[in-house]
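> Those protein sequences? They're chains A and B, same order as listed.
Just so we're aligned: 291 in the numbering used here is position 291 of the first sequence, and the numbers increase by one with no gaps anywhere.
Each position in the second sequence, counted from 1, maps to that position plus 519 in the numbering used here.
Please note: incorrect hints may appear among the correct ones.
Claimed, not checked - Derived DSS-like pairs (lysine-lysine); straight-line CA-CA distance at most 25 Å:
(1) K64(A) x K410(A)
(2) K583(B) x K929(B)
(3) K783(B) x K805(B)
(4) K455(A) x K467(A)
(5) K783(B) x K467(A)
(6) K37(A) x K986(B)
(7) K974(B) x K37(A)
(8) K805(B) x K455(A)
(9) K410(A) x K286(A)
(10) K455(A) x K286(A)
(11) K264(A) x K286(A)
(12) K929(B) x K805(B)
To be verified - Which residues of chain A face chain B? A partial, calculated answer using Cβ under 10 Å:
(13) K64
(14) G77
(15) H84
(16) P110
(17) F281
(18) R328
(19) L332
(20) T333
(21) W428
(22) G485
Calculated from the structure, these hints are not laboratory results.
Since the model is a prediction, treat every value here as computed from it, not as a measurement.
Positions of the beta carbon are idealized from the N, C-alpha and C atoms, including for glycine.
Number of protein chains: 2
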Amino acid sequence: MNGADSLCDTLLANDIDVCFANPGTSEMHFVAALDRKPRMRCVLGLFEGVVTGAADGYARMADKPAATLLHLGPGLGNGLANLHNAKRARTPMVNVVGDHATYHVQYDAPLTSDVEAVAQPMSHWVGRIRDAASVAAQTSEAIQVARQEPGNVSTLILPADAAWTDLPDDTPAPQPVRQAPQAQVDAQAIRAAAQAIRSGQATTLLLGGAALRGRALAAAGRIAHATGVRLAAETSSRRIERGANRPPVVRLPYPVDLAVAFLKDVRHLVLVGSRSPVAFFAYPGKPSLLAPQECDQIVLAEPEQDLHHALEWLADELGIPADAPQTRPAALTEAVPAEGRLTSAAVNRVAAALLPDNAIVCDESITQGREFGIYSVHSAPHDWLQLTGGAIGIGLPLATGAAVACPDRKVVLLQADGSGMYTVQALWTQARERLDCLTIIYANRTYATLHGEMKNVGVIQPGENAKRMLDLVDPHIDWVQVSQGLGVEAVRVDTVEGFTQAMRAALARKGPFLIEAVI
Amino acid sequence: MNGADSLCDTLLANDIDVCFANPGTSEMHFVAALDRKPRMRCVLGLFEGVVTGAADGYARMADKPAATLLHLGPGLGNGLANLHNAKRARTPMVNVVGDHATYHVQYDAPLTSDVEAVAQPMSHWVGRIRDAASVAAQTSEAIQVARQEPGNVSTLILPADAAWTDLPDDTPAPQPVRQAPQAQVDAQAIRAAAQAIRSGQATTLLLGGAALRGRALAAAGRIAHATGVRLAAETSSRRIERGANRPPVVRLPYPVDLAVAFLKDVRHLVLVGSRSPVAFFAYPGKPSLLAPQECDQIVLAEPEQDLHHALEWLADELGIPADAPQTRPAALTEAVPAEGRLTSAAVNRVAAALLPDNAIVCDESITQGREFGIYSVHSAPHDWLQLTGGAIGIGLPLATGAAVACPDRKVVLLQADGSGMYTVQALWTQARERLDCLTIIYANRTYATLHGEMKNVGVIQPGENAKRMLDLVDPHIDWVQVSQGLGVEAVRVDTVEGFTQAMRAALARKGPFLIEAVI
Chain A
1 MNGADSLCDT LLANDIDVCF ANPGTSEMHF VAALDRKPRM RCVLGLFEGV
51 VTGAADGYAR MADKPAATLL HLGPGLGNGL ANLHNAKRAR TPMVNVVGDH
101 ATYHVQYDAP LTSDVEAVAQ PMSHWVGRIR DAASVAAQTS EAIQVARQEP
151 GNVSTLILPA DAAWTDLPDD TPAPQPVRQA PQAQVDAQAI RAAAQAIRSG
201 QATTLLLGGA ALRGRALAAA GRIAHATGVR LAAETSSRRI ERGANRPPVV
251 RLPYPVDLAV AFLKDVRHLV LVGSRSPVAF FAYPGKPSLL APQECDQIVL
301 AEPEQDLHHA LEWLADELGI PADAPQTRPA ALTEAVPAEG RLTSAAVNRV
351 AAALLPDNAI VCDESITQGR EFGIYSVHSA PHDWLQLTGG AIGIGLPLAT
401 GAAVACPDRK VVLLQADGSG MYTVQALWTQ ARERLDCLTI IYANRTYATL
451 HGEMKNVGVI QPGENAKRML DLVDPHIDWV QVSQGLGVEA VRVDTVEGFT
501 QAMRAALARK GPFLIEAVI
Chain B
520 MNGADSLCDT LLANDIDVCF ANPGTSEMHF VAALDRKPRM RCVLGLFEGV
570 VTGAADGYAR MADKPAATLL HLGPGLGNGL ANLHNAKRAR TPMVNVVGDH
620 ATYHVQYDAP LTSDVEAVAQ PMSHWVGRIR DAASVAAQTS EAIQVARQEP
670 GNVSTLILPA DAAWTDLPDD TPAPQPVRQA PQAQVDAQAI RAAAQAIRSG
720 QATTLLLGGA ALRGRALAAA GRIAHATGVR LAAETSSRRI ERGANRPPVV
770 RLPYPVDLAV AFLKDVRHLV LVGSRSPVAF FAYPGKPSLL APQECDQIVL
820 AEPEQDLHHA LEWLADELGI PADAPQTRPA ALTEAVPAEG RLTSAAVNRV
870 AAALLPDNAI VCDESITQGR EFGIYSVHSA PHDWLQLTGG AIGIGLPLAT
920 GAAVACPDRK VVLLQADGSG MYTVQALWTQ ARERLDCLTI IYANRTYATL
970 HGEMKNVGVI QPGENAKRML DLVDPHIDWV QVSQGLGVEA VRVDTVEGFT
1020 QAMRAALARK GPFLIEAVI
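Okay, chain A solo, but in the shape it has when bound (with noise of 0.2 Å):
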């Protein structure tokens, strides 16, 4: 037994037992240690952003971190957008980071890189394992980091030596790490917000975190029937519980302009987990924050406390029994589109209408997709998980994760084409690990977020460079052609008809697909 044994027993007497991984030759006693391990199920990402977006959309949909496994700086350095998001996400994740053994570093070998630089923005907690015998204890502390409330991104660096140095015969097994219990809200917080309520002026809760969920989400719900708030949530959020028999939550726009619209007659803004609302980007002459001054924020719950306590002790301090009903969707009015040219609103519109029951929804559709969450209220009922930290190329990985995770739920994927190309080996791993994935890629040819942004900044004819920058046009990207290229069948569509068809029939059938929706 050496120290990447004792590092994989301790993983694994803490539940911790799929591994995302990327390794390469620093990590070869720790991959030769999972080799000694079969309870732990490893899963290889051809890029490291898949490796660090599939663990966030595996913890998001397990409740519990999986592991990475990454090689050096750069290895690392692969991993780091999606690690932004997760850390944005509050996932829980332990990532691993072989180095350089600890004697060989001062030689500055090309491969060489200051691990804990390059780890430091991108995680909560950076640990640097000191030696095999420091293994156990020090692994426990990047688990007990990673699982506190809501979730936390630990990474441990593993130096070489440490990993291939034998431990004594009578080395203690690892134990579970024991929690904290979670911090709880104040009875003051509940008073603030109750009184908020009653005042009977426009008051929204802005919901985020595991207030999006189950027994908080339903006290939510609650609420809102009862008292007439309006429910919402941040713009972007980790996972939440959707569908025509849930509280239906609003997303807070993107665009500033109708962020601004969307709070400005909010008197009493109530955060439950959530943060007080800033515009992603700056614009000249725009806000940053977003909602109106003379808005009173009332904090209910800080993202450490325990959100389902808060909400059902508010909706009792509000005198709601805990059977009284709660709000639900308007009725549908609008028929769905039945044929015509695709267009992404009738993307949204048929694949909200289809959603299987119990799906897990994975969105980075950015422009094309914001409707979809008008319809998805209508929707069965089912998971929604988005891209949180804003850095694009986490769609594929996160449905990959996630997949892992439930493997008896389907995962759809809204996925736009410029952001999927980022992490597109995801598709690979779909097809190897045998996911129940489909995709479905708003193939609109074009990075559009950022056509509207030039508007923005007055450019209304872009230019020859803009064009080139902003256009994926030139050639077309053959969906179709990489993803079976990567072994995930796929069909292109360009009708409603198609569109309508091809997704039946990857709903149907178990495993990964991917249509091509040209909009």
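Add chain B to chain A, keeping to what the hints say.
Below, chain B alone, put in the same frame as chain A:
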């Protein structure tokens, strides 16, 4: 004219007229500025690793930096692995990374991160632009550092408001940056090297950087011919001039045991812009330092010094006239294989034999192409660009950038399949820019280097977990479909005849092409 215009103008005033880009919202003012400068060639990469790797390939061939345009911390993160390679190659590069407006950072919007911290590990120099008025001076500093011999990676952070703020009409036009003269070697270093060579004991000149090109290499070739010293290069070099009419330089082997054997009898190791050889990785019981302890290591010139001058001076000191003969490769005795099942050895020998005059060879062949270097001393004259920092995923981008720099030369990329998948998106850029790149995929469908390393670790029969992390099977990657999906014509071959024919056909045409060589 605003800060973004000032940045573009400063780049152009310094003859930096190619910008590899993947912009986002915070860079829209910079994109609008680029749109007003038709002299700037903007090349879109569908992923930032493509952008930074292409800027590396461009600068290695153009002998001047390109600019890159990247989007905040995560966009920079995606480019880090190839920045690491560029930093190790000492490639000049000016990265422009957009960030939030200065006043917006405090609100910690979802895409906020510590951009300096992300940049630092893989940059020689990092600067944050203070305001629009400071753009020209700070950009000039970034350029000056980047160009300082042998080259540096400069990263310049551009807050959105510094980009969009207008400058007064009387702002002076940017001026070309003056570079400090390159440092020269001193007579003592020359005398020490000359004395070692004259000793008659086994001496190796270990050439790095500019010593592998042009008149510097020619001087080394004269010294080798006249004195019998051996010419060697570091395992990986930025750019080597090679071929039948040039002095053959042996690469220091990558495997530790072979490298130790290569150096075992050396009594004087003369470092010419190179570093004292160290093992790429540490292994239990194997040395980190590769040269024998009793070997006398003499620094003829640091990488920062004028290597051409140093080698000509050394030749002069040794009394070798400028028109003395240079070493030349021994005659090639083996016939090039003509038929049979394709192997990596056959690919290497056929590719070396068919290499057209003045080709640019980009090499990320890892294990499978190591023998290419043995045969390519007999090839037509060419430049050979290697993976310098060990961060895989450089090949396709490097070839892309080299082809942008040298539109009249054929680029031949030797690409391992596992590494190629890291930045496969570069194929699309090759298609869009009609680049004359031939990609040869060594499709062995495994991370072969890791199989070797597993054996080093003592695992002779990898189990299920190890095999699933080391082998690229189940499913195979269909490179032909992937390539065609990204707009690059492709063909698959598995015989020597098929490969020979495909390579001949590819060399007879212009534009991007890919051969999947199943070995």
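> Next, verify each hint and record whether it holds.
Right, here's what the structure says about each hint:
{"no.": "1", "hint": "K64(A) x K410(A)", "verdict": "holds (20 Å)"}
{"no.": "2", "hint": "K583(B) x K929(B)", "verdict": "holds (20 Å)"}
{"no.": "3", "hint": "K783(B) x K805(B)", "verdict": "holds (14 Å)"}
{"no.": "4", "hint": "K455(A) x K467(A)", "verdict": "holds (13 Å)"}
{"no.": "5", "hint": "K783(B) x K467(A)", "verdict": "violated (58 Å)"}
{"no.": "6", "hint": "K37(A) x K986(B)", "verdict": "holds (13 Å)"}
{"no.": "7", "hint": "K974(B) x K37(A)", "verdict": "holds (19 Å)"}
{"no.": "8", "hint": "K805(B) x K455(A)", "verdict": "violated (60 Å)"}
{"no.": "9", "hint": "K410(A) x K286(A)", "verdict": "violated (41 Å)"}
{"no.": "10", "hint": "K455(A) x K286(A)", "verdict": "holds (15 Å)"}
{"no.": "11", "hint": "K264(A) x K286(A)", "verdict": "holds (14 Å)"}
{"no.": "12", "hint": "K929(B) x K805(B)", "verdict": "violated (41 Å)"}
{"no.": "13", "hint": "K64", "verdict": "violated (20 Å)"}
{"no.": "14", "hint": "G77", "verdict": "holds (3 Å)"}
{"no.": "15", "hint": "H84", "verdict": "holds (5 Å)"}
{"no.": "16", "hint": "P110", "verdict": "holds (5 Å)"}
{"no.": "17", "hint": "F281", "verdict": "holds (5 Å)"}
{"no.": "18", "hint": "R328", "verdict": "violated (30 Å)"}
{"no.": "19", "hint": "L332", "verdict": "violated (31 Å)"}
{"no.": "20", "hint": "T333", "verdict": "violated (34 Å)"}
{"no.": "21", "hint": "W428", "verdict": "holds (7 Å)"}
{"no.": "22", "hint": "G485", "verdict": "holds (3 Å)"}
Of the hints listed earlier, those the structure fails to meet are numbers 5, 8, 9, 12, 13, 18, 19, 20, in rising order.
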